[in-house]
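I would like the entire structure built from these sequences, with the hints used as guidance.
Protein chains in written order, with the numbering used here: chain A, 115 to 288; chain B, 9 to 169.
Derived by calculation from the structure, the hints in this document are not laboratory data.
Misleading hints may appear alongside valid ones.
As the list claims (entries may be wrong) - Which residues of chain B face chain A? A few of them, derived with a C-beta cut under 8 Å, are:
| # | residue |
| --- | --- |
| 1 | Ile22 |
| 2 | Phe33 |
| 3 | Ala37 |
As the list claims (entries may be wrong) - Quick partial rundown of chain A residues pointing at chain B, CB under 8 Å, derived from the structure:
| # | residue |
| --- | --- |
| 4 | Ile252 |
| 5 | Leu265 |
| 6 | Ala269 |
| 7 | Phe273 |
| 8 | Thr287 |
Unchecked claim - Result set (DMTMM-like, lysine to aspartate or glutamate): computed pairs, CA atoms no more than 20 Å apart in a straight line:
| # | chain 1 | residue 1 | chain 2 | residue 2 |
| --- | --- | --- | --- | --- |
| 9 | B | Lys106 | B | Glu75 |
| 10 | B | Lys59 | B | Glu90 |
| 11 | B | Lys106 | B | Glu65 |
| 12 | B | Lys41 | A | Glu146 |
| 13 | A | Lys183 | A | Asp288 |
| 14 | B | Lys11 | A | Glu280 |
| 15 | B | Lys86 | B | Glu116 |
| 16 | B | Lys11 | A | Asp176 |
| 17 | B | Lys86 | B | Glu124 |
As the structure is a prediction and not an experimental result, all values here were calculated from the model.
C-beta atoms are modelled at their ideal positions from N, C-alpha and C, and glycine is treated no differently.
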Amino acid sequence: MRGEKFLWWIFFILFVAFLILGTLVFSAVIIENPVAAAFFLGLTGFWLFANRLIFGFAGITDTANTLLKGGEVDREKIASYSREPHERVKDLSLISLLILWRNYLEPYRYAYYIAFFLTFIISMLFQLNIIQSYAGTIAKGIMFGASVPTLIVWALDLFSKAYLAEAMGKTLTD
Amino acid sequence: MKKPSSILIGITVIALVLGWAIGGFFTSASVSKVISSIPGSPIVVDAKYNKNNHTIEYSVLNPGGMELTIVQESFVFKPGKESREKSYIVSDIPVNVKLLPGVVTKVELKLKSGTEALHFGDVVLATFTYTHPLSTDLYTVVHPFTMGQTSEQDTTGGKGK
Numbered sequence: 115m116r117g118e119k120f121l122w123w124i125f126f127i128l129f130v131a132f133l134i135l136g137t138l139v140f141s142a143v144i145i146e147n148p149v150a151a152a153f154f155l156g157l158t159g160f161w162l163f164a165n166r167l168i169f170g171f172a173g174i175t176d177t178a179n180t181l182l183k184g185g186e187v188d189r190e191k192i193a194s195y196s197r198e199p200h201e202r203v204k205d206l207s208l209i210s211l212l213i214l215w216r217n218y219l220e221p222y223r224y225a226y227y228i229a230f231f232l233t234f235i236i237s238m239l240f241q242l243n244i245i246q247s248y249a250g251t252i253a254k255g256i257m258f259g260a261s262v263p264t265l266i267v268w269a270l271d272l273f274s275k276a277y278l279a280e281a282m283g284k285t286l287t288d
Numbered sequence: 009m010k011k012p013s014s015i016l017i018g019i020t021v022i023a024l025v026l027g028w029a030i031g032g033f034f035t036s037a038s039v040s041k042v043i044s045s046i047p048g049s050p051i052v053v054d055a056k057y058n059k060n061n062h063t064i065e066y067s068v069l070n071p072g073g074m075e076l077t078i079v080q081e082s083f084v085f086k087p088g089k090e091s092r093e094k095s096y097i098v099s100d101i102p103v104n105v106k107l108l109p110g111v112v113t114k115v116e117l118k119l120k121s122g123t124e125a126l127h128f129g130d131v132v133l134a135t136f137t138y139t140h141p142l143s144t145d146l147y148t149v150v151h152p153f154t155m156g157q158t159s160e161q162d163t164t165g166g167k168g169k
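Structure representation (structure tokens):
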């Protein structure tokens with residue numbers, strides 16, 4: 115018990131030290147090169163919000179691909195991803211479960227695209243000299259940083275849609 | 009129905025373009041950072057006499073990336089054949105005009121009050137003293153202005169405005 119508390123304190127001190135060190139390093143980067151700092155912020159910030167979408171769409175793509183090849187799929191796991199009550203999903207087919215999973219991700223996808231679009235519009239306002247400020251380069255850096263996870267999300271979105279459609283077509287012909 | 013391979017090709021093309029844009033953005037950011045640390049020397053691109061105010065208005069371009077400050081003006085007036093004014097020198101007029109990087113700034117030079125308006129052939133030899141943030145040295149630009157006689161550059165500049 116005592117050893118556990120000691121270990122927790124060590125972890126806590128390490129965490130605080132890491133936080134302070136990270137802030138120092140990041141502020142040094144901001145002073146030296148604010149554009150790179152903005153890019154990094156945009157990339158990590160948007161990736162944080164894109165994470166659920168990236169893993170969700172990748173999971174749908176992977177499951178649909180396994181179905182196409184006729185492999186084994188853990189039905190309970192897929193059912194749990196749709197966040198629907200168990201009574202509702204217990205008799206549904208695997209394809210329906212995948213569609214429910216995609217439907218669950220739909221609001222997140224929408225919100226994510228809106229956030230990226232707003233970032234894009236703000237950087238465009240600076241770019242077209244509607245707002246004239248030094249912050250234009252910073253806004254552009256954030257936008258370019260955000261565009262990297264957005265491209266990944268978009269690609270996986272299209273892939274999951276295509277693979278799901280192919281899997282659906284296969285089950286219909288079978 | 010879209011084939012996954014066609015999606016892959018499309019995404020690859022977009023990713024290449026995006027990578028190019030990001031690379032270009034970082035390059036331009038670092039280049040503009042380098043340029044912004046180089047002070048340029050101001051260029052007088054146009055000079056016009058304003059009869060109402062009895063001043064000469066200079067359009068001064070700062071081609072560098074650093075802000076320059078004109079701290080002093082002085083000029084020599086030499087009359088032409090048509091003027092009855094005597095030649096005179098006015099030196100050390102303290103001014104504080106900031107020349108922003110990459111922008112043409114208007115700089116006014118007040119002629120001696122009470123003197124006659126400029127006639128054809130009058131020459132005003134203006135000297136601008138400027139400083140830049142990197143050192144405490146003083147630099148000068150000398151611009152000869154002849155009334156009624158404009159260089160080719162000036163006429164094209166005048167037509168544009």
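Hint check:
1. Ile22: holds (7 Å)
2. Phe33: At about 6 Å, which falls below the 8 Å cut-off, the nearest Cβ of chain A leaves the hint on Phe33 of chain B intact, so it holds.
3. Ala37: Nearest chain A Cβ about 4 Å off; hint holds.
4. Ile252: Result: violated, 10 Å to nearest chain B Cβ.
5. Leu265: For Leu265 of chain A, the interface hint holds, since the closest Cβ of chain B sits about 6 Å away, which is under 8 Å.
6. Ala269: Cβ of Ala269 of chain A sits 4 Å from chain B, so the hint holds.
7. Phe273: holds (6 Å)
8. Thr287: At about 13 Å, which exceeds the 8 Å cut-off, the nearest Cβ of chain B leaves the hint on Thr287 of chain A violated.
9. B:Lys106 - B:Glu75: With a Cα-Cα distance of about 7 Å, the restraint between Lys106 of chain B and Glu75 of chain B holds, given a limit of 20 Å.
10. B:Lys59 - B:Glu90: OK: Lys59 of chain B and Glu90 of chain B at ~16 Å, within 20 Å.
11. B:Lys106 - B:Glu65: holds (15 Å)
12. B:Lys41 - A:Glu146: Cα-Cα ~11 Å, so holds.
13. A:Lys183 - A:Asp288: holds (13 Å)
14. B:Lys11 - A:Glu280: holds (9 Å)
15. B:Lys86 - B:Glu116: holds (19 Å)
16. B:Lys11 - A:Asp176: It holds: about 15 Å lies between the C-alpha atoms, which stays within 20 Å.
17. B:Lys86 - B:Glu124: holds (12 Å)
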